[in-house]
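Visitor: Chains as they are written, first to last, in my numbering: chain D, 1 to 332; chain G, 1 to 332.
Hints in this document: simulated from the structure, not taken from any laboratory. It is possible that some hints are incorrect.
Given that identical chains are not distinguished, each listed pair holds provided it fits within a single copy or across any two copies.
To be verified - With a straight-line cut-off of 27 Å between C-alpha atoms, the simulated DSS-like cross-links for lysine-lysine are:
hint	residue 1	residue 2
1	K122	K237
2	K192	K96
3	K237	K96
4	K192	K122
5	K263	K88
6	K88	K192
7	K237	K6
8	K96	K145
9	K6	K96
10	K325	K88
11	K96	K325
12	K237	K76
13	K145	K88
14	K6	K88
15	K237	K88
16	K76	K6
Protein chains: 2
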Amino acid sequence: MPELRKDPIVGRWVIISKERGKRPSDFCVERTASRGGFCPFCPGNEHTTPPEVMAYGRDGGRPDGPGWTLRVTPNKFPALVIEGNLDKQGEGLYDKMNGIGAHEVIIESPQHNDTLASISVKKFAEVLQSYRDRLIDLSRDTRFKYILVFKNFGEKAGASLEHTHSQLIALPVVPELVVEELNGAREYFRYKERCVFCDIVRQELMQGSRVVTENPHFVAVTPYAPRSPFETWILPKRHVTSYVDMWPDEYWSLAQLFSETMKRLDLALCGCSYNFVLHTGPLRDRELDYYHWHFEIMPKLTLIAGFEWGSGFFINPTPPEDAAKYLREVQL
Amino acid sequence: MPELRKDPIVGRWVIISKERGKRPSDFCVERTASRGGFCPFCPGNEHTTPPEVMAYGRDGGRPDGPGWTLRVTPNKFPALVIEGNLDKQGEGLYDKMNGIGAHEVIIESPQHNDTLASISVKKFAEVLQSYRDRLIDLSRDTRFKYILVFKNFGEKAGASLEHTHSQLIALPVVPELVVEELNGAREYFRYKERCVFCDIVRQELMQGSRVVTENPHFVAVTPYAPRSPFETWILPKRHVTSYVDMWPDEYWSLAQLFSETMKRLDLALCGCSYNFVLHTGPLRDRELDYYHWHFEIMPKLTLIAGFEWGSGFFINPTPPEDAAKYLREVQL
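When you get a sec, could you build the whole thing from the sequences and use the hints?
Guide: Next up, the structure:
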């Protein structure tokens, strides 16, 4: 019999359809060949992106010149623009505001064909550090309430460019899904006086069946009520609200665990497309008893169809216990 | 400058990125050729589906025999199963219940290649009538709290079979997105003592810029804060909570307007994939001052990427005023 499972943070229900019981090989498709053509993110083409806002590894060289190991530029086709004032207006019963925000691209490596599954732990740590640096820098702009760091890998996940990159969007409002997490976590705390994420980490480590991998500071788990097959979360074991407030050695530890997780997903699912997002506390609430930053990784293996659109329910053919087992068994 | 718009019912924000200003032709792709092969929904193959629960047009013939014009059967691969009891259980901090429900397929026509854009108004009215009949029949099962009628058309929308069909899933809980609509509409009513959907219909008819088409009983509009380009809603002008509580002549009027809307979308977007859902009141709340049934049609023109997954925000490159204008200008 299928099982309905409820996400303990936001209360979202998921249908785990064990009977369909899909294995990683059921999802495997050919790795897509490189699309080729001109790449604006490759070294030598720095002039084709908007002027960079940050770069690592360039030893005293000029901005937008060669020698960088990681480079951040505004998105050439931004969803939101940085110039202007927030201007809230009504239109009859409707509400709107100017599309103020920032939209940046983090070019993770000069190597076009690098992926998060192929790069070294050191390189991965550099990417994680860049998220922190951009969060801290952009949080100075008081028009922004939230910054969402995310990555689209592969065509199915919405990546329009192949060269390895992440993105961030700074927003003038806290986005709905983060508000739902904050509200759900606050409710839980009010009742239990404990952080729901801390409780999840504790129960997952005790049960073990949904643990993909762990190290002294972090754990990667398939969540109890995953929206998609092989959805994987990475959480710090220690209670920290904001991603920017980790200790220096924790970034290195995170790089080790995140890198291993990406390798396991890549091998189990044949390099399939994925999205990930960083959920951290709102910019002006860096220390909350009830909120705990984490990454959510979503392999793109199923389609969002009418039922999901209309209900907010998800149908998942792979129980997370099975997914975690497959991922643990991958030979690295 | 892009614009942030807020949905007045659920409070969801959408980024309308006018600069990207996509026209229907930017989305047009080749109509996919028929996939061919064996079709379990074609006449003569009735024995390959689970036994039918309802059929129209068969004049005294035997069930699962020939002669039908519309046929409803349980889904062969159901997301939820009808046998058993609801059994709620905890698992540490997590909650689950048995996957009790119904999952049915409405085979809209015996003609394999019919589409909702090609069939007659009379045929369309038969499809709309079947939704009503199944909603009424299934609502007798007190284990169910909600029934979601939906349609996936085309591969990108998740249709695994080509033969024209809709689906419904009866659920033991009211789904999250409907709860959000109910809560938002209740809040609005508390403040204004008016139904937000009635206010939307009134403002849209007055402004006109987002109206696709209207008739004495219904209106088709592109919503103010659409999640996807060319998203279109169909609403009754009269306040009715439940789809099953329309007057008989209103189903005919709905068929006319819905049929015209599907033809306009089909021609403007070259037969693109789409989903639609019917949002009606919960089964045991058929008369609410604040809730108003409607259809939401979502053409599948953009991908859900990391930003949308992580934020619940949507980025839409086509302002709804432009979309409505294109749809009005289609020559039928």
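Visitor: Each hint: holds or not?
Guide: Here is how each hint holds up against the structure:
Taking the shortest Cα distances, K122 and K237 sit within 27 Å of each other inside one copy (22 Å), while across copies they are farther apart (61 Å). In this homomeric assembly, K192 and K96 come within 27 Å of each other (Cα to Cα) only across copies, at 20 Å, whereas the closest approach inside a single copy is 38 Å. In the homo-oligomer, the alpha carbons of K237 and K96 lie at most 27 Å apart only across protomers (25 Å), although the nearest pairing inside one protomer, at 40 Å, exceeds that limit. In this homomeric assembly, K192 and K122 never come within 27 Å of each other (Cα to Cα): the closest approach is 39 Å inside a single copy and 58 Å across copies.
In this homomeric assembly, K263 and K88 never come within 27 Å of each other (Cα to Cα): the closest approach is 45 Å inside a single copy and 37 Å across copies. Taking the shortest alpha-carbon separations for K88 and K192, only the inter-copy value of 21 Å comes in at or below 27 Å, while the best intra-copy value is 38 Å. Taking the shortest alpha-carbon separations for K237 and K6, only the intra-copy value of 22 Å comes in at or below 27 Å, while the best inter-copy value is 36 Å. Taking the shortest alpha-carbon separations for K96 and K145, only the intra-copy value of 16 Å comes in at or below 27 Å, while the best inter-copy value is 35 Å.
Taking the shortest alpha-carbon separations for K6 and K96, only the inter-copy value of 6 Å comes in at or below 27 Å, while the best intra-copy value is 33 Å. Taking the shortest alpha-carbon separations for K325 and K88, only the inter-copy value of 26 Å comes in at or below 27 Å, while the best intra-copy value is 49 Å. For the identical chains of this complex, K96 and K325 are inter-copy neighbours only, at 21 Å across copies versus 47 Å inside a copy, given an alpha-carbon limit of 27 Å. With identical chains, the CA atoms of K237 and K76 are never at most 27 Å apart, being 37 Å at best within one copy and 43 Å at best between copies.
Taking identical chains as interchangeable, the C-alpha atoms of K145 and K88 lie at most 27 Å apart only when both belong to the same chain, with a minimum of 15 Å there against 39 Å between chains. In the homo-oligomer, the alpha carbons of K6 and K88 lie at most 27 Å apart only across protomers (11 Å), although the nearest pairing inside one protomer, at 36 Å, exceeds that limit. For the identical chains of this complex, K237 and K88 are neighbours neither inside a copy (40 Å) nor across copies (30 Å), given an alpha-carbon limit of 27 Å. In this assembly of identical chains, the alpha carbons of K76 and K6 lie at most 27 Å apart only when taken from different copies (25 Å versus 40 Å within one copy).
Violation of the numbered hints given earlier is confined to hints 4, 5, 12 and 15; the remaining hints are satisfied by the structure.
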